[in-house]
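There are 4 protein chains.
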Amino acid sequence: MIIVLRPDATEEQINHIVSKVQKLGLTPHLSRGTQRTIIGVIGPEDVLRVTPLEVFPGVENVIPVLAPFKLVSREFHKEDSVIELGKGIKIGGNKIVVMAGPCTIENIDLLYEIAKEVKAAGATVLRGGAFKPRTSPYSFQGLGEKGLQYLREVGNELGLVTVTEVMDARDVGLVSGYADVLQIGCRNMQNFNLLKEVGQIQKPVLLKRGMSSTVKEMLMSAEYILAGGNFNVILCERGIRTFEDSTRNTLDISAVAVAKQLSHLPIIIDPSHAAGRWSYVPALSKAAIACGADGLIVEVHSHPEEAVSDGVQSLIPSNFMKMMQELKILAKVSGREI
Amino acid sequence: MIIVLRPDATEEQINHIVSKVQKLGLTPHLSRGTQRTIIGVIGPEDVLRVTPLEVFPGVENVIPVLAPFKLVSREFHKEDSVIELGKGIKIGGNKIVVMAGPCTIENIDLLYEIAKEVKAAGATVLRGGAFKPRTSPYSFQGLGEKGLQYLREVGNELGLVTVTEVMDARDVGLVSGYADVLQIGCRNMQNFNLLKEVGQIQKPVLLKRGMSSTVKEMLMSAEYILAGGNFNVILCERGIRTFEDSTRNTLDISAVAVAKQLSHLPIIIDPSHAAGRWSYVPALSKAAIACGADGLIVEVHSHPEEAVSDGVQSLIPSNFMKMMQELKILAKVSGREI
Amino acid sequence: MIIVLRPDATEEQINHIVSKVQKLGLTPHLSRGTQRTIIGVIGPEDVLRVTPLEVFPGVENVIPVLAPFKLVSREFHKEDSVIELGKGIKIGGNKIVVMAGPCTIENIDLLYEIAKEVKAAGATVLRGGAFKPRTSPYSFQGLGEKGLQYLREVGNELGLVTVTEVMDARDVGLVSGYADVLQIGCRNMQNFNLLKEVGQIQKPVLLKRGMSSTVKEMLMSAEYILAGGNFNVILCERGIRTFEDSTRNTLDISAVAVAKQLSHLPIIIDPSHAAGRWSYVPALSKAAIACGADGLIVEVHSHPEEAVSDGVQSLIPSNFMKMMQELKILAKVSGREI
Amino acid sequence: MIIVLRPDATEEQINHIVSKVQKLGLTPHLSRGTQRTIIGVIGPEDVLRVTPLEVFPGVENVIPVLAPFKLVSREFHKEDSVIELGKGIKIGGNKIVVMAGPCTIENIDLLYEIAKEVKAAGATVLRGGAFKPRTSPYSFQGLGEKGLQYLREVGNELGLVTVTEVMDARDVGLVSGYADVLQIGCRNMQNFNLLKEVGQIQKPVLLKRGMSSTVKEMLMSAEYILAGGNFNVILCERGIRTFEDSTRNTLDISAVAVAKQLSHLPIIIDPSHAAGRWSYVPALSKAAIACGADGLIVEVHSHPEEAVSDGVQSLIPSNFMKMMQELKILAKVSGREI
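Quick note, the sequences are listed as chains A, B, C and D, same order. Residues 1170 to 1507 in this note's numbering are what the first sequence spells out, letter by letter. Residues 1170 to 1507 in this note's numbering are what the second sequence spells out, letter by letter. Residues 1170 to 1507 in this note's numbering are what the third sequence spells out, letter by letter. Residues 1170 to 1507 in this note's numbering are what the fourth sequence spells out, letter by letter.
Check before you lean on any hint, since a few could be wrong.
[Claimed, not checked] Cβ-to-Cβ under 10 Å is the rule here; a few derived chain B residues that face chain C: (1) Leu1240; (2) Ser1242; (3) Arg1243; (4) Ile1409; (5) Gly1461.
[Claimed, not checked] In silico negatives: residues of chain B with every beta carbon more than 10 Å from chain D: (6) His1198; (7) Glu1244; (8) Lys1285.
If you are wondering where the hints come from, they were derived from the structure by calculation, not from laboratory data. Remember, predicted model here, so these are calculated numbers, not experimental data. Glycine is no exception: its CB is placed at the ideal position from the N, C-alpha and C atoms.
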């Protein structure tokens, strides 16, 4: 932590700050420049982070030196984390994992039909929503537990790992009873009680970036889960909110490189929610694989005209198949495999 | 709903869309222009909103005509809503309501000390957090129920209405047992299950705008609460996330005018979280009153150097007192009263 | 400047950085913490700002301590600058200056008609565009010099100061031959050659904030003008670009308080371009005056239905008059005058 | 254009709007729905775009149906445009063009040294700045004409096409006398007089997206150049401004797919300015090629520690060489060639 003093800071003010720092068990290190005096603070920053040093008289600015996350950081764990998803599928290593399926689970036949298609194309994880966060209270809110049953049934039948969203801390037990991977949606990235709850289980958690969260804030949310004891976290970049309106969100493709530098956790891309239009999904998926993402989560629907949600951004199976063939080649020349 | 067709849309495609619209019980209205054909759809838009018309072959664009919210809209309820907060305090009418207090409830003596000061200055609602959403799992997470007890005790002693945040659907019963007004924090503005839960009670709900939510999305979240049966909702603008980094968030002062045009619900301003620095709070508070906000929620702390959270943005009581005197004059010349 | 080293920085790397700093004539100040070593650099930061220290091996991060602007800073000039606009009008002192008029100068009769109205309401500066920055090449681009002639004629007739935009470095001589104040539009805030050119004259410059520029960047652009020798700069906040779409831009009302803390230059608000709708203009104008802005620039048109540009955001004279009466009262209770 | 009327619009108001539309030579098409009446307007939208219909009494909203650009649109020109850059190099076809070189031209020896390296790696266009837009008036502003001479000399010597920025309408003649391609920087994307000036020449123009401009606004700026008669425009996505602060800007990788859908013009990516750090450049470059960009513009410097600008984001030649080898493979499996 570095404390920058105002040009008119008095000796009394400086002493007051220095003594506060010492009282917290840290070592202040005074450096008097020509235009500003600064105090470097040596010792664990955490103690200072919660002390509002900016309000101390004479302080102009307080600058943290260390990142606020620990367990998720590359410094804490140098190697890439490889996470077991179940049924022999791992993410974070050489193998790129593609998760695909409908936005919402509508009925078992349709889910099975789509699941067969995505499996045939090379997906190993089946996605599908049973609890749906909808901006309107009048929209269909998902099948709930019945949807979870369908998902498990189809997943088992086809040997696919399953992932589905959990929206409520009260449902963590229920959802983890059915699904292999629990998704935390972007609107819940800072639902800290939900994060604590999934920190108590051992099933892998797919943590989606909030649409106005920085990569570092996503890592802080992951820190909640790891701090609870669950190290099986997969990050997911799904587009952030900007002024650009040609796409539903702006895919922050750089987040892959940034997250991989700061953290050991695997990171995947959701091109469907980023683009908001199926026709952009293949281009974004290719970009994701080329730049080093560990996987994708893609919306696929065999009858998008009839989909109860997100039909606009769902690929039909034939387009998904075509895209997967291209992705496999890209993965291969990048030294990986789908 | 207006469906804009591609210049190369075929008759067959047009017929397919028209028959879909009719099958949904709506009336299509074809208009063939020189450069585009458009289909105006007459009837309730809700049915169409969930139908992914953009994926129908031949469709270029789909444009909604109506706002997606109903109960919160000015069209549904022409007059300003006036909401009873308890202890005779109402919001939304001629009287401007100032809510003030510490960010976090730390202990009962400190809370009492601050509460006495804010009451003396003219605040009628005491704020204080018992459950704190913190970006770091290692930060103090609040006193929980003990904090709620202190809040109720101090509120009753001084005759102040109390407001505190509820972060978890499981705590709605607990919190509403102690506090007069339940706050939904900005990170939970789209925690739909929590919104449903506070829609089931009758206590007033202070709904904070998400930091990357539009005003219309805030109104959609309010719609969840009203749709559940609780019409006692107060909106709160607290700054949105932008690229500007001199302030913690960017106060969207226009949100007051926008919300008042679209909705009948009262709206207040939180200058403390918007600014992130106490020295900017008076200027923003004056702007809020001058432009027609129904109230303020302000962080006040008698010892900001020792505050466990948000000390940097807390006013000390003497500055709060000074600001309140100025606000009272501003309110008066604006035809209102504090 | 503070240089934060990587945890694995070697002694050799540290020595390399230290010797670079010394070679630049600065004094390095090493501080070895438990988790990071940092190097505080004492001496003028400018030299370092252009040295890419981040690429030196062993460097994790480089943190500037000082603001990059000088002449515009409050530190350089403690008192508020008061700038003479001509015809006895000054800005930056106790008197609030209201600039008003049509977006575009269309013809002399209309300009005169509007000018009379805004003068009657209390405006002392007449605005009107002769050179118009239009996003479409097919839109009307302004009357050019003829518009400037009309502006001067009407200004002189009515005793109003005049302000108009200059878009091109080649036109600075021409425009300053006619107008009292030269406006740099938001799209040109970082047109550095244009800034240099208006730095060479002595007429006041109204510098509008770029729609994606921070307050500090606006101050850096002002620095260009002051560095050229022209200290007569008035800042203008006119809304920034965000995701919110209910208003044309998001008025960053906090910019007034931020700019006044960092700089001695006067700052005004443009509520018309911020809102993009005339009905929001009065609320934003009141907010501006209440929070300490030194003036306003408002679009007024007597026949907005016929306006060639920005009719949607123009007040009609009677609404402008009504607003001015309210603003005068607000100014008075704020200890100022319109 | 679609005009949505307020629920309380009177017949008189409707007639007033209808007659205005007819007076403009267009055909109104009334459609009375259950909740709103709408007027579809048939005929060229341009006429209406400049008429402020929103201020007509009874109007709730005005919705354009057509894009405002013409010559740049895919509708106007179905095939991808292929643009000749000189020395046999074309962009927009099967061959991907890599432009590389230093941010600023510092001296001829260094430029030659870097140019040889980038050519050896496969770049065919040499970039280098002679006129530099700098946020500080105290920073080095470029060598000016001497820099242009060096660029031409080195380009000719090595058989490389040259690209350099023109910042000022007054310099278009000068710069086009030396360089093969003229770059319009992001800060000048809406410097309309500069756009008009480069519309008058026939040399290719590299148009960089403004950091807060939408893709559609970039296309409108390109429209200025084409409308002037110069159809040789190359678009460039270089990152937009968002709240994310791990990178200098947020690369909007989707812009490639969006621009290619809306327009026939080629589009390239600038990963260096987007990332702001050299270590992220290879990942972003790979993403760009994989998703279909027509080229790259990359900063390369052989001594980044000594670079006078942007050293932090410049690749050293060996890293550039390594990246180019990977890009060639990616291009090949994507059916293209570098």
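Okay, the hints, checked on the actual structure:
{"no.": "1", "hint": "Leu1240", "in the structure": "violated (19 Å)"}
{"no.": "2", "hint": "Ser1242", "in the structure": "violated (14 Å)"}
{"no.": "3", "hint": "Arg1243", "in the structure": "violated (13 Å)"}
{"no.": "4", "hint": "Ile1409", "in the structure": "holds (6 Å)"}
{"no.": "5", "hint": "Gly1461", "in the structure": "holds (6 Å)"}
{"no.": "6", "hint": "His1198", "in the structure": "violated (5 Å)"}
{"no.": "7", "hint": "Glu1244", "in the structure": "violated (7 Å)"}
{"no.": "8", "hint": "Lys1285", "in the structure": "holds (39 Å)"}
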